[in-house]
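Novice: Residues per chain are reported as follows:
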Amino acid sequence: MNQRKQSSGVGTWLLLAALAVYLLGTGGGAETPVTYVPGSPGVKLFVLVHESTQDTFELSAATVALRNAPYADAIKAGGHRLEIIDPDLKDQHNNPAPLVAQYQAAWAGQPLPVLLTIDRAAKVVKVQQVDARASAAAIVAAMGVKLP
Amino acid sequence: MSVPLEFVDVDFPTRPEFIAGDTTPRIFGTDTGLCYEDLHASIPEREWPAMAEKLAAEKSGLNYLVTRVFDQDGEGACVSDAIAQGHEVKQAEQFGKDQVVHLSAISLYDQIGTSAQSGANVGHGISKASSVGILPLDNQENKARFKHTRPNIGFRRNVPAGWKDTAIRFRLDEVTPIRTVEGLVTALFMGDPVIVGRSRHSICYLRPVYAGGGLRIEYVNSWRITWGYASGGLAGGFGQDSLSLIRSAAQYAYAIRSVVDWRVAA
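For the record, the sequence lines run as chains F and E.
For what it's worth, the numbering used here labels the leading residue of the first sequence as 1, then goes sequentially.
For what it's worth, the numbering used here labels the leading residue of the second sequence as 1001, then goes sequentially.
Simulated from the structure, these hints should not be mistaken for lab results.
One thing to keep in mind: the hints can contain errors.
Below, in silico cross-link-like pairs of lysine-lysine (DSSO-like), each with a Cα-Cα straight-line distance of 27 Å or less [as the list claims (entries may be wrong)]: (1) K1054/E - K146/F; (2) K1054/E - K90/F; (3) K1054/E - K123/F; (4) K146/F - K1164/E; (5) K146/F - K1059/E; (6) K1147/E - K146/F; (7) K1097/E - K76/F; (8) K1164/E - K76/F; (9) K76/F - K1143/E; (10) K126/F - K1097/E; (11) K1143/E - K90/F; (12) K90/F - K76/F.
Partner residues aside, some chain F positions facing chain E, computed with beta carbon under 7 Å [unchecked claim]: (13) F57; (14) D86; (15) Q104; (16) K126; (17) Q129.
Note that the structure is predicted; figures quoted are calculated from it, not measured.
C-beta atoms are modelled at their ideal positions from N, C-alpha and C, and glycine is treated no differently.
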């Protein structure tokens, strides 16, 4: 009887500990990897690939505008995500960043900038040339994202 | 936009918030290698006013990529605060403002300062931020995501073991020295924040503006959000330098052109 009571007490503590970890997290180190590929139907990952040393002033201004209202809000409202990368973006170990490693074949040999549209199956469904002087509005239009 | 004159050409050493933090030599040696002026043709000065106007009208200046104002809180870590700010601005451009991981400036200053008040050299800070990296700030979100975090202040206090494993993920990637005012203004028009030192203080230059009859450059300081004027959707933290101070700053400056992708792919 006593033994059963004791084991039931241990079980309660284990349950509470598991709940605390669930609610409070593990205190670091258990980082969830970034899932680049969209999870829901209709949601897209857009990747604007540009060579920053070749950028025009207009495109540089557009990359900042795209990160602010109303463009960033419109992209987010659709559940989409936009990455703006150099073709030689690196990871911490100086290797090609995951996005570059996975998708560089899609823009290989093409003049930059290009806009990739990637679906939930991680497949590149569209590669569009972007005008070197494109505005943020033009880039969002090329994504098919409607502004409010 | 009218900027209060007290935040134009601020004489840093006369301000109560000032701690001499920038020990950078004012002139580069001859061994800097490739400079911004070699990478990118300088934009002619006659085009600057219209470009500055466009950035202001379309809200596309780098002031709109600042997601918070640093607070060095009496430590001589301005060089590290300015570099960490530049890193965060580039994160915002590459990955989005809602993806920015705020950084611990002191984790960089730990590597380049000799005491809490010693100050440091911009070039040394850039070198360490490029090779060793910077830890995430110890906010709740970061503590849940990363094994090692640090506060923004507290020189060499409670440095977690193995911290370099996390810091390396927040390295600067492409950083280029600047030698001229033309190169500096061009870098800002090309969306690259510029880390400068002037009057023994270091700040992060953001965008050219025209006011008071001439060129000025807006910067974000690291004297908390209650200092300076409002810009880029933030309530404070900003100041402006006019040409004589820009000339002084341009003698030793670095443009941050990219940061590494810190994320772990699924």
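Novice: For the pair supplied as a hint, K76/F and K1143/E, is the alpha-carbon distance within the 27 Å limit?
Specialist: holds (25 Å)
Novice: Does K1054/E pair with K146/F here, judged by a C-alpha cut-off of 27 Å?
Specialist: With a Cα-Cα distance of about 23 Å, the restraint between K1054/E and K146/F holds, given a limit of 27 Å.
Novice: Between K146/F and K1059/E, is the straight-line Cα distance small enough, at 27 Å or below?
Specialist: holds (19 Å)
Novice: Verify the interface restraint on F57/F: the C-beta must sit less than 7 Å from at least one C-beta of chain E.
Specialist: Nearest chain E Cβ about 5 Å off; hint holds.
Novice: Quickly compare the C-alpha distance for K1147/E and K146/F to 27 Å and report which way the hint goes.
Specialist: Given that 27 Å is the threshold and the Cα spacing comes to 40 Å, the pair is violated.
Novice: Has the given pair, K1164/E with K76/F, been kept, meaning a C-alpha gap of at most 27 Å?
Specialist: Violated, at about 33 Å.
Novice: Min Cβ distance, K126/F to chain E: is it shorter than 7 Å?
Specialist: K126/F check fails; min Cβ-Cβ to chain E is 21 Å, beyond 7 Å.
Novice: Starting from K146/F, check that the Cα of K1164/E is at most 27 Å away, please.
Specialist: Given that 27 Å is the threshold and the Cα spacing comes to 43 Å, the pair is violated.
Novice: Assess, step by step, whether the Cα of K1054/E is no farther than 27 Å from the Cα of K123/F, and give holds or violated.
Specialist: violated (37 Å)
Novice: For the pair supplied as a hint, K1054/E and K90/F, is the alpha-carbon distance within the 27 Å limit?
Specialist: violated (31 Å)
Novice: Holds or violated: is the Cβ of Q104/F closer than 7 Å to a Cβ in chain E?
Specialist: Since chain E brings no Cβ nearer than about 13 Å to Q104/F, farther than 7 Å, the hint is violated.
Novice: Given the hint that K1097/E pairs with K76/F, does the C-alpha gap stay at or below 27 Å?
Specialist: Given that 27 Å is the threshold and the Cα spacing comes to 11 Å, the pair holds.
Of the numbered hints given earlier, the model fails hints 2, 3, 4, 6, 8, 15, 16 and 17; all others are met.
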